[in-house]
Each structure stands twice: as C-alpha cells, then as structure tokens.
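*Asks:* Listed below are the residues making up each chain.
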Amino acid sequence: MTGKTIKKEWTLDLDFSNPMGETYTRFMEGLKEKTFLGNRCGERTFFPPRPFCDRTLEAAGEWLQSDGTGKVEAFTVIHEKSKGVAYPDTEDFPEVPYVLGVIRINGSDQCLIHFLAGFDSDDPKAWPEKIHVGLEVRPVWSEKRGGHILDIQYFEPCE
Amino acid sequence: MPRKVAVIGVGNTTYTSVRKENRERSEIASACIQSALDFVGRGLSLADIEAVYYATVDGFEGVQRPERSMDCFGQSAGTPVFTVNTGGTAGGSAIKDAYHIVAAGLYDIVLVYGCCTLIATVDAQQILNTATPPLIEKPFGIGAIHLGGYYLNRYQNEYGTTAEDFALVAAKSHKHAVHNRYAHNRRGYTVEQILESPVICHPIRLHEICPVSSGSCCLILASEEKARELSDTPVWIKAMGCISDTYMVGYRDFLGFPMLQKLAQKVYQEAGITKPLEEIDYAEVFNPFAGFEYLQYDALGFCEAGKGPKLVREGVTDLGGKLPVNLSGGTLCTNSGIAASVTRHAETCLQLMGRVEDQRQVKNARVGLSHSWGGPMGQFNTLAIFERD
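Going down the list, the protein sequences come from chains A and B.
Using numbering that gives the first Met the number 0, the first residue of the first sequence is number 0, and each one after it goes up by one.
Using numbering that gives the first Met the number 0, the first residue of the second sequence is number 0, and each one after it goes up by one.
Keep in mind that a hint or two might mislead.
To be verified - Cut-off 30 Å, straight-line C-alpha distance, at most; resulting in silico cross-link-like pairs (DSSO-like, lysine-lysine):
hint, chain 1, residue 1, chain 2, residue 2
1, A, 33, B, 137
2, A, 124, B, 306
3, B, 362, B, 306
4, B, 306, A, 129
Claimed, not checked - Cβ-to-Cβ under 7 Å is the rule here; a few derived chain A residues that face chain B:
hint, residue
5, 19
6, 23
7, 74
8, 99
9, 110
10, 149
I should point out that these hints are in silico values taken from the structure, not numbers from a laboratory.
Ideal Cβ placement from N, Cα and C applies to all residues, glycine included.
Only chain B is shown next, with the shape it has when bound in the complex (with noise of 0.2 Å):
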C-alpha cells in the first residue's frame, strides 16, 4: 500500500522582473529553501531534507545540469538531487515523482525546487527554437503565445467569445494579485485597461499575458508521520498525474485542451471526484494567457464547453463564489519559469492551510486542485487534487 503524503512547507522568494533580478541563481535558491524551513519551523533545516526534486527545462539557464552548480540543496552532506524536465510542468512533474518516492517508503521528508528559468536568457525565443521540429515546424519561429493564438481565436470562433469575455477573466487574476505578495505584477488591471492594452496575438492582448518574472518557490513533502510531527495543517496528496501530448505541433487541432480531459477523468476517479464543481473548494490552472482559463473550465469538467464566460460572469470562480480559481492572479501576473508550475501547488496547498492574506483566502477550503500546462509546444500536462483533514 502506497503511504499517505502531505505537503507540508511552501518556500518563495520575493518576484520581480529579470532585468531587475540582482541576485544570483544559487542565492535565490538558497533564499527560498530557507523560507520553506521557517515555514515549517519546529527546528528542521536542510540536513533533515533526504532529497531533492530540481525542476527546470533544457537551455534556460545556460549551463549543463543547472542542478549541479548550485551548492545549496545539501550536497555537502550527501544529499541526492534528482532532475525533471518537462518544460513548464516540471514542477508538477517533479511533485508527482517527489510523492511517488515518499508514497513508496523511501524517504520520508524531500524538497521540490521550481528554478527560476528565465533570468539568464537574453532572448527566450532562441531556446524555444531549438525545441520544434526543425524541418516542418522551426522556421516559423513559433513559441508559446502563438499557440496561445491558436487556442483562443479556435475557442473564439467556436464558441462566438467576445474580446470582453477575455478581458473579463484576464481581470479577475489582475483584482486578486494585487494582495498577493508573491505576485510580480500587482497593477490590477480592470476590464477597461485590458481592453485598451494593444492584440499582440490574435485575439490575446497585452494586459492578457504573463510577464517574464523572476523569483523561485519550493514545496517538502512528507510521508504521514513526519507530516502529523511537523505541521498541524498538512496538505494531503489525494491523486496527482501527468499525461504527454505529440511533439509534432500539427496534430493538435486547437479547439480545447483534450488531453488535459483525459488527464482530469484519471485523476478525478483517483480522488473519487465526480462532480468538480461541487467537489472543489479551490483551484490553480496555468494562465500564461487569461483565456486559457476558459479551456481548462472545460477540459476539468467545472462547466460545459464554451460556458466559461458564464461562470465568470456570475462569479462562481472569483471569491466567494463556488469554486474560487486563481486567486493568486495566476502565472498571468507572476511567470518566474519552471518556479511558477511549482506555484500553482503551492498556491492551492496555501489556500488549503489558510496561509494567504486575508483579501483572497477561500474560507474553509478543504479540497483543491492545481494544473500545469508547458512542455515544448504544450506538450504537457500535470494535474493534482489536495485535501486538508
């Protein structure tokens, strides 16, 4: 029988834009290890961590095995530090195989660091060419917001959304980040800014997008018993999955997330969820653009597709409403890289603990659940459900 894991640390640094950034890669790490000892507090410190995940993406931080040249996860003692790579879901990916370890009985306390991708490259788009099919696909010089493109003006022409509908949702991440102290961008950008900001991709406008931010969060994990000694509100992993999509970017026909469907009725029956919406106290999807939003309401089951707006408008995802999605603004106002697949946990884990200010905390959530999309071309998806006793 596989143990019963929690989370029960959640580490962060402060955020902030990479032309900003003066601190170095393992002194930021390090800044954020040490937050999620403090959080956890009752004495532990980094000779009790028995592993490290190390999340990150090939050729964002300019070195071989970034992992390996940065002193701070307790090698000196002999500590192992395992990598996973899956592009923008590495850190879903690695709490996944971080719980799997300590489910199995291995170790029973292991840290999962979300690395802060993107303060060492002068110009993404040149990492992100490196990673399409090099014939057929690279010399259109696509990345991440071109997909983007595809998916919402696909979802537009489906399903007749408006510019405002878009808008909409984008300010809903906006209105909350503003009290998120762990958000990058905090300017809290109403309907009306977000409409007058300018399309950069059709149909996705300026104030629709994620900034490149930089900053880090981790996660320590820990089987039952050393969760039950350490923490008084452990965040229990319920069910947690990953599920990979083609490489070749034209199978994809752009119209929903069908994969991350198939990914939620796995997981949901691993949880035993059947009714998401009724379930589901709280919620963490991948925003790097504010209308994905809707295509994941679809692809969770939290509405019928196309019926997104409607939730929205109603308010059955802000606060206060049925199921609160977001509420941290999501990787739209905070992108710090691999670090931000790792925040989309660690939000919801917050939530569930009742560790965020008071402005957007969900009161009395005990069920969550956190998504993340990425991967070269979105290849990837990773999805977990949280509980609290």
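Bound conformation, chain A alone (with noise of 0.2 Å):
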C-alpha cells in the first residue's frame, strides 16, 4: 500500500426559506424600537418569548416588556474563532478574543446567549474577573437596527 489517495471535494449550496412565525416576528419588530419582549406561558414567562408551552403546549398569553436588563448564569471568553465560521446576517462580527454570555433577562425562565463587553479592561486575561455570575448586565443598541437579534450590539455590566 502506497498510502497515496485522492481527494473528491464538493461544495452544498442550497437555498431554503423557513417561516418564523408571528410570535417571533412580533419579537423581532420590538428590537427595532429597542423594546426586549417577552410573554407569559402558564406560570413561566419568556425573554425573548416563545410561541407556545413547550411542557403543555398551551398557546403563551399575555404579551411582556422590559428594557433587556438581566443577569449573567454563565459566560466564556472566546480567544479564538473557529475557522470559516459563517455568520449570515452580520457584518460587524467580534475580532477574538471576545466575551459569550447565558443572560437571564428580567427573570426568563429561559436564557438568552448573546454578547459581553464593555468591562473597564482591555486585558482579556482579566475579563473573567470582571464578570460572575448574577453580574447585573442591560443592553447596549445599535445605531442601525433592522428587527435581528444583534440590533442589541452587546450587554455591558450596569454598574
């Protein structure tokens, strides 16, 4: 045996279209008027919100707002991007090293993933000092913000 081989390479390049739904769209559109919706499902409430129960599958009822603030449950700090990582539908995506939190917004029963930034450090070595969990963290908007998930830039620490 040689250990010589070729290599066949392709690429997939499909198109698909997927509906969201109105419960979602709804979230989406309060972004753009930097208002973090949420809504109630039974005795649990959702921030962001979601469509129906996932336990009962009771349509979620009445319709919440906050102003995005909540609380850190966990957090990692990315010194290095995964190679030819694709993401679509931003242009301004973090240079490593950056900062991926677990947010709790104003009490969800459900976290929301999003960025940190804006600790009173440059040295990423000591971000994870600057951050713990229960870390009080609110929004910060963009200037241009077309109902996506990163019309919120990033959270930063409120005090």
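Quick one: dock chain against chain with the hints and give me the complex.
*Replies:* Laid out in structure tokens, this is it:
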C-alpha cells in the first residue's frame, strides 16, 4: 500500500426559506424600537417569547415588555475563532477575543445567548475577574436596527 | 420477558488525524467490521449479522443518508440497515436500539457501527451553524466548545475550581492514552504542559480539548444463546437509557448536568445500583473537554457536587483506585465523531473482558458504566451499565 489517495471535493450550496411565525416576528419588530419583548406561558415567563408552552403545548398568553436588563448565568471568553464560521447575518462580528454570555432577562425562565463587553479593562485575561454569575447587565443598542437579535450589539455591566 | 443481551465483539480501526486520513469511508467501515468479526472468531462472518444499526449525524458526511452509499454492511445478502441519529450520542442510542431489538427476540446477532463522521467536513462549524435555533442563537456561531466553556465556567464559579484542577483531570486521560493503541493523541501531556497550553475558550486550555480524529468503532451484540456459543467473555447489558434536553440552549443554566443526573437515577434503579462508587468497577464518560469529567462525577453520584477534583487528587478514579474512569484517554484523546460514542461502550466492554493493554487494565472489573453526551448543543445523554459473568 502506498498510502496515496486522491480527494474528491464538493460544496453543497442549497437554498432554503422557513417561516418563523408571528411570535418571533413581533419580538424582532420590538428590537427595532429598543424594546425587549417577552410573554407568559402558564406560570413561566419568557424573554425572548415562545409561541407555546413546551410542557403543555398551550398557546402563549399575555405579552410582556422589558428594557432588556438581565443577569449573567454563565460566560466564556473566546480567544480563538473557529475557522470559516459562517455568520450570515452580520457584518460586524467581533474579532477574538470576545465574550459570550448566558443572560437571564427580567427573571425569564429561559436565558439568552449574547455578547458581553464594556468591561473597564482592555486585557482579556482580566475579563473573567470582571464577570461573575449574577452580574447585572443591560443591552447596548445598535444605531442601525433592522429587526434582528444583533440590533443589540452586546450587553454591558450596569454598574 | 426481555431476553438477556451481551456484547461479544468489538471492532476498531487505527485512529489518525482527519488531515492524514487516506482511506475511503467504506474502507474504514469494512476494516472496522472485519476487526469485530475477527475479535469474535469462531467462524463468525458478515453473513451471520442479521441487522446493522448505523450511528451518524446529519450533514457531516456530505451525502444524503450516508449508510446507503456504503456497500459493506451485507446489503447484497439483504441485511437491513437502520440509521440512528442523536448527534454525538448516536452510538449510545444505536446500541440501546440494537439491545432492545435483540432483547425483544427479533434478531440474534446485530452489529452497531459508529461511523467516522469528521473526515468529510472541511469545517464542522458550518454544519453546527445549521443545527442551532436560527433567529436567536445561530447568529452567535456557538459550537460545542462554547457550551463547554459555559459549563466549566459555571462549575468553577460555583466550586472555586482552579486551572490546576482542570489540568489534573486532563493529565489523567493523557497519561493512559499513551498505552492505548487505539488512541489518536498519545503524547501524554503532563499537568505542567497542559497549564502552559493557551486558553482557547475560557476556562478551557488547548490540551484540555479533544482532537478531530478519523477512525471508527463497532460492536457485535448477541442474544444469550448465541453469546454463550460465540464468546467466553460475554459482557451483559444490565440497563441502558437515553434522555433528551431542550433544543433551545437558553433553557440551561449550565450548573452541572441535571439531565444526566435524572437519567442516572433511572438507569441505576434498573440495574439495582445504589452506591455507584462502591458497585461500579470501571467507567467511560464523554469528555471532549477534560473538565466535563467533574460534572459527570457529580451527575453520576460518584461524589458530592463539586468534589470531583478531590477524587482525582486522591487517585480514586485513576488506575488502582476504587473506580477508574477513562483509562482509554477518553474522547479527550480520540474524537472520531460519532464513532467516539460507540468507543465509550467498547472501552468499558474491553475492560470487563480483560482485553486492553496491561498498563491500563483494571484487574477483575465486573461492573462497568459508559456514557455519551452530544446532539445539537448537548441535547442528549445516554448511559449504560454492563456486567460480566
């Protein structure tokens, strides 16, 4: 055996279009107005909202509104970006290092994944000391908003 | 009454990096299956396999229904091939399905093949990006390592775990992988080397992250009658279960693995285990990021929450300890995609059969545990308890 092999390369370039439903549409519309919408599903509240309760399949009830302030549940500092990551919806994706947080908005029963930034240090090694579970954070809104989760640029510490 | 079912054969290929792989995917599979047939011996051939369970994950192989495009499962003789896809746990789920179908009396000899999923993708993150909730979570490009960062950061925040604690559990895997002929990374990194490696995704360091490996693993399961006929060392499946978590990552608070804990309670009850640390002799848990072992110790009841580093420091989960864990090097040293979830079970069975290298063989291991974790954003866990005669 020579260990030699030819390699066959190919690309799948397929088009899809999926309706996302009224609940998410209304949530995204709210982001344009710097409003972070949620809703109530039985005893639980959700920021972002959910179309139905995943436990009972009951349709969601009352709409709720917040300014997007929340608390950090967990975070990670990304020092190396995965190669060739497709980020189709944003032009200004942060360069490494950056911080991804898990944020509980307004006591929601489901958290939000989003960027954390705006710490009073430029040294990424110091960031883990600046963030902790329970840290209060608020959204920093983009000037240009088009009804997208990245209408919020990132969340920053309240204090 | 369900019939007794045993693992009688384990098949492996050599493991290498995806970049160096020069075998076509069905060549890898045929070599792997042949090695399992040879493992059993006694004239067992492909024609004796009555059904095949193929474990894979959507998208990674670049073809629709990959099992259809590989003529190595006995299809020309009419052998049915069933696909199981629960992401990174597909191997565990496929073993459970094969176990059920043999226990039900429908087949006597079944093969579970964990395919080598990572060789086709030029960049796996492209596929992962199609698996996350598209509006709310996908724009952040999250993959398994980011979740790993969340879990380990939260653990550290809760219990004050140090960088050295994480390096210690990584070094335990690296030390034993050196002796595992089926491990990909056999460099044997020490605690010092691990601590010197850069932080990739806080708090995870480079040498605490699995490689991207090529290679595959399979198991042959048999009914009691066939197992007694074909094997002197059958390893019986005592109990096995799977559990699903939410698709939306935001439901998790990243404090430990509560779904695994729930699954363990159920599987332990089925197996009659009340004191896992005392009753289990060997365990393989899914550790693509070394620190996961600590969260798994907690969820599996090996220790009180947060006391994992103490177990490792005292050698409880090392060779010679009360409950050795991951003496294969684990997923940390060989991550052959879906095959890695079959490998966890294969390694536990090999330990119970007394068939691993002397340097890492647990003496007289009778009861074993194996676990897999994965699926889009860690959505699934599987857990099995094995026992030899």
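*Asks:* Next step is simple, just say for each hint if it's right about the structure.
*Replies:* Results of checking the hints against the structure:
A threshold of 30 Å between alpha carbons decides the hint, and for residue 33(A) with residue 137(B) the separation of about 21 Å falls inside it, so the pair holds. For the suggested pair residue 124(A) and residue 306(B), the alpha carbons sit about 27 Å apart, so the restraint of at most 30 Å is met. Between residue 362(B) and residue 306(B), the direct Cα distance comes to roughly 26 Å. Compliance with the 30 Å bound is thereby established for this hinted pair. Between the alpha carbons of residue 306(B) and residue 129(A) the distance comes to roughly 26 Å, so the proposed pair stays at or under 30 Å and holds.
For residue 19(A), the shortest C-beta to C-beta distance to chain B is roughly 6 Å, which falls under 7 Å, so the interface hint holds. The restraint placing residue 23(A) at the interface with chain B holds, with a minimum CB-CB distance near 5 Å, inside the 7 Å limit. Because the beta carbon of residue 74(A) sits about 6 Å from the nearest beta carbon in chain B, less than 7 Å, this interface hint is met. Below 7 Å, beta-carbon pairs count as interface contacts, and residue 99(A) has one with chain B at about 6 Å; its hint therefore holds.
Of the supplied interface hints, the one on residue 110(A) holds, with its beta-carbon coming within about 4 Å of a beta-carbon of chain B, less than 7 Å. About 6 Å separates the beta-carbon of residue 149(A) from the nearest beta-carbon of chain B, less than 7 Å, and the hint is met.
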